[in-house]
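Enquirer: With the hints as constraints, model all of the structure from the sequences given.
Number of protein chains: 4
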Amino acid sequence: MSKLRVGMVGTGFMGRVHSNAYRHITSIFKPAIEPVLQAVCARDAEHTTEFARAWGYEHVETDWRRLIARDDIDAIDICVPNHLHKDIALAAARAGKAVLCEKPLATSFADAEAMCTAVEAAGVANTVWFNYRRMPAVTLAQRMVAEGRLGRIYHYRASFLQDWTIAADIPQGGKALWRLDANEAGSGVLGDLLAHCIDTALWINGPISQVSGMTETFVKERTHTSTGTKQPVSIDDACTFMCRFGNGSLGVFESSRYARGHKANYTFEINGAEGSLRWSLEDLHRLDYMNHGDAADVRGWRSIHVSDHGGKHPYMDHWWVPGLQIGYEHSFIHHAADFLAALAEGKPCAPTFRDALGTQRICEAVLASAAEGRWLNLA
Amino acid sequence: MSKLRVGMVGTGFMGRVHSNAYRHITSIFKPAIEPVLQAVCARDAEHTTEFARAWGYEHVETDWRRLIARDDIDAIDICVPNHLHKDIALAAARAGKAVLCEKPLATSFADAEAMCTAVEAAGVANTVWFNYRRMPAVTLAQRMVAEGRLGRIYHYRASFLQDWTIAADIPQGGKALWRLDANEAGSGVLGDLLAHCIDTALWINGPISQVSGMTETFVKERTHTSTGTKQPVSIDDACTFMCRFGNGSLGVFESSRYARGHKANYTFEINGAEGSLRWSLEDLHRLDYMNHGDAADVRGWRSIHVSDHGGKHPYMDHWWVPGLQIGYEHSFIHHAADFLAALAEGKPCAPTFRDALGTQRICEAVLASAAEGRWLNLA
Amino acid sequence: MSKLRVGMVGTGFMGRVHSNAYRHITSIFKPAIEPVLQAVCARDAEHTTEFARAWGYEHVETDWRRLIARDDIDAIDICVPNHLHKDIALAAARAGKAVLCEKPLATSFADAEAMCTAVEAAGVANTVWFNYRRMPAVTLAQRMVAEGRLGRIYHYRASFLQDWTIAADIPQGGKALWRLDANEAGSGVLGDLLAHCIDTALWINGPISQVSGMTETFVKERTHTSTGTKQPVSIDDACTFMCRFGNGSLGVFESSRYARGHKANYTFEINGAEGSLRWSLEDLHRLDYMNHGDAADVRGWRSIHVSDHGGKHPYMDHWWVPGLQIGYEHSFIHHAADFLAALAEGKPCAPTFRDALGTQRICEAVLASAAEGRWLNLA
Amino acid sequence: MSKLRVGMVGTGFMGRVHSNAYRHITSIFKPAIEPVLQAVCARDAEHTTEFARAWGYEHVETDWRRLIARDDIDAIDICVPNHLHKDIALAAARAGKAVLCEKPLATSFADAEAMCTAVEAAGVANTVWFNYRRMPAVTLAQRMVAEGRLGRIYHYRASFLQDWTIAADIPQGGKALWRLDANEAGSGVLGDLLAHCIDTALWINGPISQVSGMTETFVKERTHTSTGTKQPVSIDDACTFMCRFGNGSLGVFESSRYARGHKANYTFEINGAEGSLRWSLEDLHRLDYMNHGDAADVRGWRSIHVSDHGGKHPYMDHWWVPGLQIGYEHSFIHHAADFLAALAEGKPCAPTFRDALGTQRICEAVLASAAEGRWLNLA
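Protein chains in written order, with this note's numbering: chain W, 9 to 387; chain D, 9 to 387; chain G, 9 to 387; chain Y, 9 to 387.
Calculated directly from the structure, the hints in this document are not laboratory data. Careful: at least some of the hints might be erroneous.
Cross-link-like lysine to any residue pairs, in silico, SDA-like; alpha carbons within 20 Å at most [unchecked claim]:
#1 W:Lys320 to Y:Arg160
#2 G:Lys271 to W:Asp316
#3 G:Lys271 to Y:Arg160
#4 Y:Lys271 to D:Pro330
#5 G:Lys38 to G:Gly64
Expert: Set out below in structure tokens:
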């Protein structure tokens, strides 16, 4: 196999971003296995046909079961609301397709576990689109910690702040707004935003052993798009938790959609005995680094422009010339390229469903902790 | 009375900073009541005499009881380790002196309450040196929130990070290092650093109703300077807490002396429906402001250089010309000037001992919550 | 015509960037006229075939004259060293092809004028890839000045700094290094970097009436790749000029490849009576704005994250969701999309060859001024 | 002599700043020679008496000749408009007083030369208050260049931007506004602002060999406060010049009072083969440093918080604890402390009158170059 024929489920924001990623792979990464935009599936035939034309898909389906049934499809990419992930993933795995699933993996730990079991039982390649691992600055951060350049880690803090749901007249449910309905999303900012922070943290700083969470729903009722009537809002508008990592370091995580002035601001900072790192999605092409080993009179936080090939910045040698930054969507291109490279070598591509299950476990514990008002152990 | 004859207790870092403040008042603020550096007191006569000469004190004492007994002293300024605050404050109040006390007010809520009762019973002027309220940028932030320019507040977060105790061979106890000995300091970063954050938060965002804390001591044993032997470290090296404010907003507070790359980095951010504010002690002359009311195409975080008199920035009209920044010690000059102005008008100067008692209450609750691993209500 | 069949000349850095641009148009911009990657041309057949495969070109040519001779080509895109622009553009115009030419237009004003005359005589669509006009932040800046939001302009300053030629053992000439050979490049940083700054300035701030330039060549000799021997370096390693604009404002422009710590740092700042703007290519997704009309106590430089659709930021509604930044190559996608849209409407797409001729005129005057050590009038 | 009895001439902005400096020396720097605020002189007796009281001067004079005639005065500090510097300095030198003079030294090179000759002939200690040399970040920058940590220097650029004279109805002349009248100030932004940039540049980067300047007066007429009628404005509102340094590096300098959004923004950047430095008066406690010798993958501009004693940052060990920044006025305190230390050792304190004469020479050449529209050699 030198081609991977992709069947895309979903034509929303993530459907666009993933399609864009596949279209870049061949030109930029020259992979051993090339992706083919074979078919796209969504309920509205007209809209889906237009989407297929814009992005270059060969075929259109309106029922994901038919998409999975096609034998000209090698991989299913799941870009639909969270509550639909499970059934599609299970069916795809049963059909022997590779499965690439948007995050969070599922709306519950139980569902996520079932999905994980399914892909492992089927022996199909799988990955979950926690794309921020492949921001070159984040990849560099992970590498630096793994190489011990920060020494013993004392603190890990992360936040993901937005402000788009402050207006009380925004409805909940359905197209674009399913993220405000817990039935479709599973949770609010926890699964949507903090899950990213947790995935990165587990990758860089290892397992979390204890959590204590706090959640809040600022707007208590919103009109539901399906009924046109006010319904209680069941998601978390904001979620914060403290934790302890297995390596002895302390963590603080915070997320909100009520943080005015932040549109999509994922940030983290890591403090170790020998140095510190911090990153912000608002300036994703930079990594701040404080090296305690620098000569004392000229020590200071550095702003690394992660675009300098000579410095062998992750992924950047595939792009332009030093000094020229990339954007948001490139993290998906890198993820897809890594998935294809791993597939060619018969290796797993992290984060796998099992990796994502670990994140799901933390999410569930945070919600439970917040509900019960106490610390929960994860050992 | 047109003079306030100050008796300073302590010649350490804070003794220097306060003395510096008094020396500026007359030139810069032209107060109705002028401070006089009447006497300074510390145990080592030679050192104290040298200190008196450098800073211009008229007299030297080596026993604070004798200092308080002097009838040429109107006010006692307490700049000694925390566990000594109480006895001095009580004696000063009994002697009818005004009392200016370094923060935290005491090493326990009970002691703080006794001190508060004492100054109120004696009817003497009193204040606690939570100096950051008088950083012009912080004062401006408080004014903006009070004027409602941020609308309903959703989030308040603050942190105070340092890195000076990472080395395990730093001893604890005594001169300069009493902050590492809970017997002298009461607590670690909580009282030393987070107390500042709490004072500001209560001032700007109102009362805290619930807290859940977490503390850690990374270096478990340090040589005690008094004995030369290893002793358990009883302070908190790091302290984090989540909280809920009475106004419905959520809070996250963090402090550490193990955050490499931060020397004295107190930061806060406040998110309201109509705008957000953030500030950092590392760049204390700036206040960042996001105004949601700005035209949508040019909306963005502003960096306000709090030095522009035309803009009536708090305190700045007393200093130089627009664009020229002030430094750390100016917050103490402003505090002392406000104290003298309040005294002249017969009004209290916030934060009073009673205000500081509120902060002490939160501190004690955070420690208890961390020890018990549960939320505590403060209603 | 609903397709524009592109013939690409050149497979270097710009050949890649332009090809990438064409590949995005249909998905992202849904243009009335869609680009087709019809053929690519470069001297090395094997390399060009590989390039064609990676980027999806249908055909390969190794002689640009044959490419132009093809009747299945509607437009010629010129991405070869500067000294080759003229002959290709003239032939393409004669053949009635649309011409898209990399900047600078030519190696001399005379050549540029001939090219301009040729495309205008042939009546073919034409544009020059001064791509930075289409950085959304730059486009927004131009719009703000055009709308008078800055009031009368007093100052315009720009610089473009790099550091890649500091090592004296870098050779000159040929592949990748033709930029160091004046025979191929025409000039050094002036045509390569300052031309961008001049194009933006003329667009935003109008005509320049007087210039006084200064150039320097720090490394006087470099090995030429064609001969293997040391030859004098004839380009400008650094170029600075002062100028006066027709609107009475003053300009300062600077460029260098010896500015350590800058890889591709194009910056500009504009000061008007009512406000100021500044931008940096190192953080291309942000525009800094100082609005003098803001309330005086909260006035400050804003950092606009040019990614907020609600704010109708130029081009950004075509991309992802608010808060997610784009990268360098997007400016080319926008340029190509605008070219196709203009073509569909039968309108010119700025900067046209004539617009670029104006930039060439300033470049030539700056070099002459530097050589003669005096001011030159351009009225 | 263990005291230096200062006679201050002038009670404006600089009179305040210098007085403040003298009041700090003893407490903070414990100098071998202590300053005494002996007498202050200005024309308005009442105002001067009030000034004396606020700042602690013992005596008041209203005629500077009488001040100089006093035999209880050891040094004359000149803080009056520029055109008055010469006569006072000459008289003070003749009287054998040390002379500390505000910058620029004089309103012409000829006057400056006479003053220089006078103090040298009299053999009196002398210095010119180019205070920015003693900003710790600037002092550190100079030290780094002197130690060769930047390698060969290629570029030096500096600017000093303000915006306070944009309004056309601001009058010229007299108290506070003498800076707008060339008869009193000698020049506009050149002597007021660029002179600072030139002093720093000569100190850090050595002599300037060639200059080409450009000046502009945006508001052509302003009401003169002495007559109440409109008079032509004879100062430069903006001044820019390019130059070549003796070491082969290129310079660009710019200054304006029409740069909206800048109140007192002096910035410089220096690019060397091994690294670069930049500084801004808006954040005077920071120095940005790019070290090309850093490991390539983590190279980036560092922001050095020049407050870390362990790093032996210049002057900072005299102040507070690491991480706490100082402000504008501290540069004057450092300058005064250095002057006293030099005096105690019988050494000159740079910049001396002779050093300042070098700056005056560049200023005069820049004005002449701008007037004549050509390059001027200074070899």
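Enquirer: Hint by hint, say whether it matches the structure.
Expert: Results of checking the hints against the structure:
no.	hint	in the structure
1	W:Lys320 to Y:Arg160	27 Å, violated
2	G:Lys271 to W:Asp316	8 Å, holds
3	G:Lys271 to Y:Arg160	19 Å, holds
4	Y:Lys271 to D:Pro330	6 Å, holds
5	G:Lys38 to G:Gly64	19 Å, holds
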